[in-house]
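From just these sequences and the hints, can you work out the full model?
Order-wise, the sequence lines are chains A and B. Going by our numbering, the first residue of the first sequence is number 2, and it counts up by one from there. Going by our numbering, the first residue of the second sequence is number 2, and it counts up by one from there.
In short, the hints are calculated from the structure, not lab data. Note that this is a predicted model, so its numbers are computed, not measured. Any given hint might turn out to be false.
No copy is singled out in the list; a pair is fine if it fits within one copy or between any two copies.
Simulated pairs of lysine to aspartate or glutamate, DMTMM-like, Cα-Cα distance not exceeding 25 Å [to be verified]:
{"hint": "1", "residue 1": "Lys179", "residue 2": "Glu9"}
{"hint": "2", "residue 1": "Lys231", "residue 2": "Glu246"}
{"hint": "3", "residue 1": "Lys19", "residue 2": "Asp49"}
{"hint": "4", "residue 1": "Lys183", "residue 2": "Glu12"}
{"hint": "5", "residue 1": "Lys42", "residue 2": "Asp88"}
Protein chains: 2
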Amino acid sequence: MLFHRIEEVREEVKKWRKKGMTVGLVPTMGALHNGHLSLIKKAKATCDKVVVSDFVNPIQFGPSEDFDKYPRTLDADMELCNSEGVDIVFAPSANEMYGGKCNSDNCKDNTLKELPRLSNDTLTYVCPPFFYVNTLCGKSRTGHFDGVCTVVLKLFNIVQPDYAFFGQKDAQQVIIIKKMVKDLNVPIQIIQCPIVREESGLALSSRNKYLTEQGKKDALVLSKILNNIKSCYEKGITDADALKETAYEFLTDKHDMEYIEIVDKDTLENKTKADDNSIALIACRVEKVRLIDNIYLK
Amino acid sequence: MLFHRIEEVREEVKKWRKKGMTVGLVPTMGALHNGHLSLIKKAKATCDKVVVSDFVNPIQFGPSEDFDKYPRTLDADMELCNSEGVDIVFAPSANEMYGGKCNSDNCKDNTLKELPRLSNDTLTYVCPPFFYVNTLCGKSRTGHFDGVCTVVLKLFNIVQPDYAFFGQKDAQQVIIIKKMVKDLNVPIQIIQCPIVREESGLALSSRNKYLTEQGKKDALVLSKILNNIKSCYEKGITDADALKETAYEFLTDKHDMEYIEIVDKDTLENKTKADDNSIALIACRVEKVRLIDNIYLK
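Structure follows, in structure tokens:
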């Protein structure tokens, strides 16, 4: 079932609840790929009923980011969800999520143009801790994780699932969401699923659609750097700076590196010595497309 | 039943849910008076089961505010709740609410001393909109409403009530909480209950305990000012400045006025012309005790 309205989702979930069924939520921004598919399969295996939300959330994009051109493929998304037996696809308009009236007949039209100004002047936000935000992707994406937490908590409150499924690909995101769930006593269990990669090693991402074939080849450097760091760690190198420096031998002028970091997998604290609780994360632009990837050292 | 632990409350509420019962939450900071009693009575009349939370929330107090000396009267609170048939009194420690271990045998010992540093560096906060916060009480109480919304959302997530009951006495607070509930799609109905006053007109407040008998007399000025503004409005005066100026004839050197404002009862926007959607609010110190009061003009 495809729903655009919050009340429709609530009504349907309420029926499931009355029957004592468990509910899983897979929050997505659409443009579904095999990474999302793995989340959906895990949700289907874990819960009686599965809701996939399909919403390009305006408030997690910065003014210079790719909100307008972010891929929107609802028809293909629906096909994939139907074939996997997803029970509800929830694809609200921005107006449905952030107030104001949906003036368009086509409520899936998710554009900012119809929206009132959205900011912390007028909207209640969920703000993750500064120490979790002012690092890695948060440094270059001001307000991004506030927007993520706010929309995720809204989706949690709309669907009220027992479980919610997130990919390890967005490692900082899932760590911040787990922290939010703990700090705000959200009664939902977060299930983190492994990164899905192309055979080449490239981590799946909706933004890979922006890349040319050559770009995809150049983008392999991210996973190569991370695999190399992991094997250096396995060989006994623990100095974080030494591990991070191994990245530079892979880089060419095709790569615009934003960060390479080794941090604690739960607290995101920077490590000076890598250990079995460490995660290595990278963000790098290829053909101006911002790509991220990460790997657990153990 | 008196519970100190989050899990105890959740277990009990789950049993009620299975029986299809409705649940009401009355969030308080304890020191219960007849104002709270009216909330409890309303909750009992509305819901099958009632939870009263009794928690002096450290993160809504500023460093120079009265967290340490805020009245704590759990035994008396329990007595009142028992006599009203309250089903659960939830009195967690600060550690139970904000992490860390409860080192004290006496989990009701709600002191900051045992706590790790709490700030937006390390804790996920709920931040109401700037336009709702940077006015009235929020101007002098930086971070207060962030702390209020954060603890209220936590309590909502712990208890998961159908209804939550708040007093109009803290008018800005209830407006901000309604806004939070709307913005974050919290599946809870907020019930706002009228101010309860002493026969003299003094609005009930836990902080009235700080006042001497003379102080209580001096504090009557707050309700007198508000009643006078309302009767001026009823006589046809709508200019907000003119209405506010009527306050000053009541003030003596016993009164340290913080603000007198006329704002929209839903959006807190300042009014230049009062209308039937307006609310007049006052904050004033008497014997250094900060008192607030408000009145709907219609």
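A quick look at each hint next to the structure:
{"no.": "1", "hint": "Lys179 / Glu9", "verdict": "between (27 Å within a copy, 22 Å between copies)"}
{"no.": "2", "hint": "Lys231 / Glu246", "verdict": "within (13 Å within a copy, 71 Å between copies)"}
{"no.": "3", "hint": "Lys19 / Asp49", "verdict": "both (13 Å within a copy, 18 Å between copies)"}
{"no.": "4", "hint": "Lys183 / Glu12", "verdict": "between (27 Å within a copy, 18 Å between copies)"}
{"no.": "5", "hint": "Lys42 / Asp88", "verdict": "within (12 Å within a copy, 42 Å between copies)"}
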